[in-house]
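Using the hints provided, position chain B with the ligands relative to the given structure of chain A.
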Amino acid sequence: MGLALLVVIWLITFFSTYFFAAKTWWLPHGASTSAPWIDHQFGLTYIAMGVVFVAAQGALGLFAWQYRDRGSASKVEYSHGNTKLEVLWTALTAILFIGLNLMGSKVWADERFEPAKADAIPVEVTGMQFAWYFRYAGNDGKFGGTNPKLVDPSAGSESAIGLDTSDPAAKDDVVVGTMYLPVNREVNLTLRAEDVIHSFFVPAMRFKQDAVPGLAIHMHFTPTETGDYEIACAELCGLGHYKMHGMLKVVSQDDFDKWLASREAEK
Amino acid sequence: MATTATVHAHAAPQGFIRKYIFSLDHKIIGLQYYFLALVAVFVGMFLSLLMRIHLIWPTAVLPLVGEIKPETYLSLLTMHGTIMVFFVLTTAPQSGFGNYFLPIQIGAPDMAFPVLNMLSFWTTFLAFVAMIAAFFVSGGAPLHGWTGYAPLSALPSAGPGEQLGADLWVISIAIFCVASLMGALNFITTLLDLRAKGMTLFRLPLTCWAWFVTAILALLAFGVLLSAGILLLLDRNLGTSFYVPLVVVNGTVMGHKGGSPLLWQHLFWFFGHPEVYIAILPGMGVASQVLSTFARKPIFGYKAMVYAIMAIGLLGFTVWGHHMFMSGMSPYSAFAFSIMTMAIGVPSAIKTFNWLGTLHKARIRFHSPMLFAIGFVSLFVSGGLSGPFLAQPVLDIPLHDTYFVVGHFHLIMGVAAIFGIFAATYYWFPKMFGRMMNESLGRIHFWVTLVGTYAIFMPMHYLGMAGHPRRYSQLTELAYLHDLIPVQQFMTYAAFITIGFQFVFVFNLFWSMFKGPKASDNPWEATTLEWTTATPPPHDNFGGHTPVVNHGPYEYSVPGAPRDYVMQTDPVTATAH
Ligand code: HEM
Ligand SMILES: [Cu+2]
Ligand SMILES: [Cu+2]
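Going down the list, the sequences are from chains A and B.
For the first sequence, the numbering used here assigns the number 1 to the initial residue and increments by one for each residue that follows.
For the second sequence, the numbering used here assigns the number 268 to the initial residue and increments by one for each residue that follows.
Bound conformation, chain B alone:
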């Protein structure tokens, strides 16, 4: 059971370097992850804008970047996808917010292993540097896509960018895997061992459940990706043949023999599918937390939510084959994978119903975090419902590897998760920085981003139905794509506007950090432990005392209670759970 932490009653460090750079404080480390992700998301967005420009003005010569050649487009594509998935969606929601708030929400003074925590951040940072370096080596960044299918990714002669750039790409991912494994161990141990007195598992905020299950997924998935990456490096550099059979590239017989291209796909997607849940589960946790807080109502079906998170985690490891229906894998196994995929839709649907249930008969306060949480639900529904199309092998015949897929995963994994990050930022900013963010700017940011992302990503479904393949750098070769160019133009304009308005967010973030009105300890009148401590929290989180938990996490509008919320540490009463 939960024990009170006595692991490291270390004093707050003084020097700048120990305090802000090589910090052992989970809060500082959380912020470091967050700002790393912020840099990464702007790099990723910039790359996507270049792609969108190239798609509709293929001959444009851009300042700084020059002319975008077909191979440049594919490098942008690869780096955009990789940076977004690893350095944004895996980094901010889990490592960033999880690091900052998991210990506080369970009433612990720090993570279980602070040194390991610091190491995992700096390892992640190293991975990011290696990834960015791929742009600058000769040949440039790889063009094999974020999925890096072999043999394309295994043969340096298969295209520009497949030389040193591709090595750096694999190395960066391998380093990232190591960092994630360290982080995952830390999260799991912390949650299991450092909970405050009274913080039973079923009193954990849903954010903690989400971070916990995500950490377990990360532990199981990144190990596999690490091994797969090492084998790929061996194939590339030492002439082994794990993934490459006898092939002839442009008339030259390569020295490989007997490898299996499908092996890479199995290993990659064994990681890759759980990875999409790693990206979205923390967002689901945040959405639940924020919806309940601003609806002033207990979360609908708390236990069902917990079981749904567990079910998603478990089933998430049984569905990887749905990415491979067209790969040449046995058509019989497609049956199994497709049934499991439909099954995983069920807990996801439960979560949606419960969010709607939470809003039903509520008293909703529309602050920026709530707007983004509602946006999250909308996007999760839209992105989720294209899943059952792609989960059916027969429908995957026309839809696989078309823009339909690009629309699907951007809505559910990309934008929904980003909305989770925004909701979390607006929600926890007062706690992290002691000041409030500007509400009007928050609203402007919300409306443009909501409408803008729908305008960018919904039309992708139409393109996909019409048979538009993904990863095409030019739309002029296939005749049937010509009619679709206006849709592509529309998406590019929408991307310009949406991306432009993200600077409103950045401005709000930094301006409020220094100039925002001072925040009280509990500005949202919320119930969980982070709102019981000072703003921002002291080095040991609770200023020398350890909280004792008496209530569940979402006790809002309890009849007979003096206020419309009962904090987790409030004394026991007859009414609240």
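Isolated chain A (complex conformation):
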């Protein structure tokens, strides 16, 4: 039985670790400025935890086999523990855990303690059951007003967010269902939700933030590669949660300007 435990626990450990180490399924390709940082911190944590995992499971399997009851041949050590060892591993775990934590905090601080840069492009993201809408401020750089009473999801993007078209600042606002961003330029997001909580999740941007009704949450990130990236909803928001997805198209600044101009022209 001891041997069987050793074999099974070691095999479980091997397979679990193998699929991590071989990166068979890993974080998706990252395409924002914070991705390398987050991935680095992930790798670091992974190595630290992986070592502890293999060591602990290894010892468990080994002890089960080595200290199995072998009749009178096995001698039990009558001991109530060892305070020195106890203090030692308490200190080591504390240092490891807290140390890891502090190393990761710089990225968090950069992203969340600092406001967006002055030249960042403002985009408002609105989540509702079960779609994302994106609003661009237009030439005046100002978002016009919205009014809950005007919300009508069946009448197109602008009405979906209740855009108040009588507000002059709203005249040139562009509201769309696909998000366009220029590459290598920071985006200054304002996240809102109309009905329940949703969560704006763009795996490739290493970006996730809940959109909460009643709050306007400001966040920023910078895409670094052009391409199409899927947007998901990560907070349970009702029966269509699984299909509340969208697309982020990161394009060159030129293409972005052209795209925005053609949208303005359509209005």
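In case anyone wonders, no lab produced these hints; they're calculated from the structure.
Virtual Cβ for every residue (Gly too), placed ideally from N, Cα, C.
There may be inaccurate statements among the hints.
Claimed, not checked - Straight line, CA to CA, 25 Å or less: simulated DSS-like cross-link-like pairs of lysine-lysine:
1) B/K628 x A/K243
2) B/K336 x A/K75
3) A/K267 x A/K149
4) A/K84 x B/K570
5) A/K149 x B/K524
6) B/K628 x A/K84
As the list claims (entries may be wrong) - A short list of chain A residues far from chain B (calculated; beta carbon distances all over 10 Å):
7) S16
8) N82
9) E124
10) A169
11) N184
12) E186
13) T190
14) K208
15) H220
16) D257
17) R263
To be verified - Across the chosen pairs, the derived CB separations fall in these ranges:
18) B/I288 x A/S72: 31 to 41 Å
19) A/K149 x B/V718: 37 to 47 Å
20) A/S262 x B/L530: 39 to 49 Å
21) B/A327 x A/V87: 26 to 36 Å
22) A/K142 x B/S424: 27 to 37 Å
23) B/W324 x A/T190: 50 to 60 Å
24) A/H29 x B/W324: 23 to 33 Å
25) A/D167 x B/S424: 47 to 57 Å
26) A/D152 x B/V718: 35 to 45 Å
27) A/M103 x B/A327: 30 to 40 Å
28) A/V87 x B/V396: 32 to 42 Å
Relative to chain A, chain B with the ligands alone:
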């Protein structure tokens, strides 16, 4: 200090109803809780199997259940999670085994308040009935998840199941809170006041420490959940706005104004995080007890274990914000919550080291309880080590609300706690029913369950890393999920096998109850008080006499002692503690 109980030297009741239904005997009440949890765990498992089937065969029409629509999936999800957390993991380890064995292990004839004890069971039962009823009302069971985030849970128009089903869900939980508060008071009083002579706090078995600290957590946490639930009911039915700001659902302006969705999350997780310790601490106690017994060795670092339990209990109330890193809460407070979370990892690690220390240089007997205790340690390590990922706000950005979290909490809170329940069942069954369980069936059950649960829940971590969000009823909408479907299939097959083999356990349980070989009073050659009394114990536990305790709980292989174990009631000798 410990006083001998004279509270209620009541005679054993005679009629069936007084004896088995409205019983005041903590042992019967413990069994009632246990069987309630057994029913609940099979309901919960059945629901999870339906979910797993739907995930990989989305169009399958099932007998009995019919077609599973996206909203049905979410109802299954909500009820699965809620039933598992409340009616299995809170009910069996604490209320079930705690009720049965806490009084016996401290040498008391019953709980401090037997009537309150009976009331708390029947209140729990009522809560279970209310929860199950949610399936059958119009609109069906709620779809807001076991966390019930507002405003989704507060707005009847936010989805199917959010009408009467959601009311029943909140009411059931509120009733459950009341039951748990009564139970917690009883446990705390019993442990403090009814210990036998000589049973000092540092001679308590670690199971008792775990039940005691769990009861304190329950007392502090369930009160908060109860209040939160009442406010939610008011929002839902009386138009108040505690959790709901001005919102527009599908073009209709709701009548609410000024509420805060984050308020619910703070209140819920102030309960919810301690709740995961409520689920796992008794399992840790059982693992310690069983490891020491079958390793024939004193538990490594008894006092460190006690302090670790206390530290976990205390710190458990300071970390709730780690569920809310992405919620829109202040990013500065994330720092504090994340440091506290890393800190709580330390006592958990101490416990693991000490379990390994207990096995070191031991003489291990591999009976079924021991296999499950070793499995517990393995799962606790695996589930625990994904914690430091989720505790870092930066890593929570990719991982929050993905399958990584589902894998993490199933391993550490779900399966580890279930292994604790299994270990406790195999260990105490002889005492409870006077017969032994079948060892071969126990082994088969163990091997399949160990490998099976790893096969179901380890791959969830890979899905999560790849960005697979949780609570998705269909995998066809997001393109990047397509590649992950084979992993989902693998998990479903593993779930089929694992769940199927749980019937081996149930068969063993009921068959052994009637047909198993008769058990002696102390079949495992263990040391604590329950093994000093008759099997099964008489109505007053010790047949009219009160035990006197002379030793610590885990005196195995004491040099110079006549046997390889010294029971807590053995006369004082020079050697054992
Ligand atoms: C029989 C083995 C089990 C299987 C196959 C299973 C499977 C699942 C699945 C497929 C989900 C939904 C994941 C998603 O869509 O996000 C889930 C959620 C959940 N499970 Fe289990 N589970 C099992 C046992 C347990 C146990 C023992 C517990 C006890 C803690 C548990 C607690 C939960 C909770 C709390 C949720 C989250 C519900 C929610 O998101 O609101 N499960 N489980
Ligand atoms: Cu959603
Ligand atoms: Cu928590």
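Against the structure, the hints come out as follows:
The straight-line distance between the Cα atoms of B/K628 and A/K243 is roughly 56 Å, outside the 25 Å bound, and the hint therefore fails. Of the pairs offered as hints, the one joining B/K336 and A/K75 is violated, with about 61 Å between alpha carbons and a cut-off of 25 Å exceeded. In summary, the hint linking A/K267 to A/K149 is supported, as the alpha carbons are separated by about 22 Å, within the 25 Å threshold. Distance restraint check for A/K84 and B/K570: the Cα-Cα separation of roughly 13 Å lies within the 25 Å cut-off, and the hinted pair is therefore satisfied.
Restraint check for A/K149 and B/K524: the C-alpha separation of about 14 Å stays at or below 25 Å, so the hint holds. For the hint pairing B/K628 with A/K84, the CA-to-CA distance comes to about 18 Å; that is within 25 Å, so the pair holds. Interface exclusion of A/S16 from chain B breaks down, the closest Cβ pair being 5 Å apart, not more than 10 Å. Chain B draws A/N82 into its interface by the beta-carbon criterion, the shortest separation being 8 Å against a cut-off of 10 Å.
Every CB of chain B lies more than 10 Å from the CB of A/E124, the least distance being 15 Å, so the non-interface label holds. Annotated as non-interface, A/A169 keeps its C-beta farther than 10 Å from every C-beta of chain B; the closest such distance is 21 Å. With 10 Å as the threshold on Cβ separation, the claim that A/N184 sits away from chain B holds: the shortest Cβ distance comes to roughly 20 Å. Its beta-carbon lying about 17 Å from the closest one in chain B, A/E186 satisfies the requirement of being farther than 10 Å from that chain.
The claim that A/T190 lies off the interface holds: its Cβ sits roughly 12 Å from the closest Cβ of chain B, which is beyond the 10 Å cut-off. Against the 10 Å criterion, A/K208 falls within the reach of chain B, whose nearest CB is about 5 Å from its own CB. Distance check on A/H220: its Cβ is at least 12 Å (rounded) from any Cβ of chain B, clearing the 10 Å threshold; non-interface status holds. For A/D257, the shortest C-beta to C-beta distance to chain B comes to about 28 Å, beyond the 10 Å cut-off, and the non-interface label holds.
Residue placement check: A/R263 keeps its beta carbon more than 10 Å from all beta carbons of chain B (closest about 24 Å). Separated by about 51 Å at the C-beta atoms, B/I288 and A/S72 break the suggested range of 31 to 41 Å. About 59 Å separates the C-beta atoms of A/K149 and B/V718, a value inconsistent with the hinted range of 37 to 47 Å. Remark: the range hint 39 to 49 Å for A/S262 to B/L530 is upheld by a beta-carbon distance near 44 Å.
A hinted range of 26 to 36 Å is violated for the C-beta pair B/A327 and A/V87, which are about 57 Å apart. For the hinted restraint 27 to 37 Å between A/K142 and B/S424, the CB-CB distance of approximately 34 Å keeps it satisfied. As the Cβ distance of B/W324 to A/T190 is approximately 41 Å, the hint placing it in 50 to 60 Å is violated. Under the hint 23 to 33 Å, the C-beta atoms of A/H29 and B/W324, about 31 Å apart, fit the expected range.
Between A/D167 and B/S424 the beta carbons are some 29 Å apart, a value that contradicts the proposed interval 47 to 57 Å. Separation of A/D152 from B/V718 is about 55 Å and departs from the stated range, judged on CB atoms against 35 to 45 Å. In this structure the supplied range 30 to 40 Å is violated for A/M103 paired with B/A327, their Cβ-Cβ distance being about 47 Å. Between A/V87 and B/V396 the beta carbons are some 51 Å apart, a value that contradicts the proposed interval 32 to 42 Å.
Against the hints set out earlier in the document, violations occur for numbers 1, 2, 7, 8, 14, 18, 19, 21, 23, 25, 26, 27 and 28.
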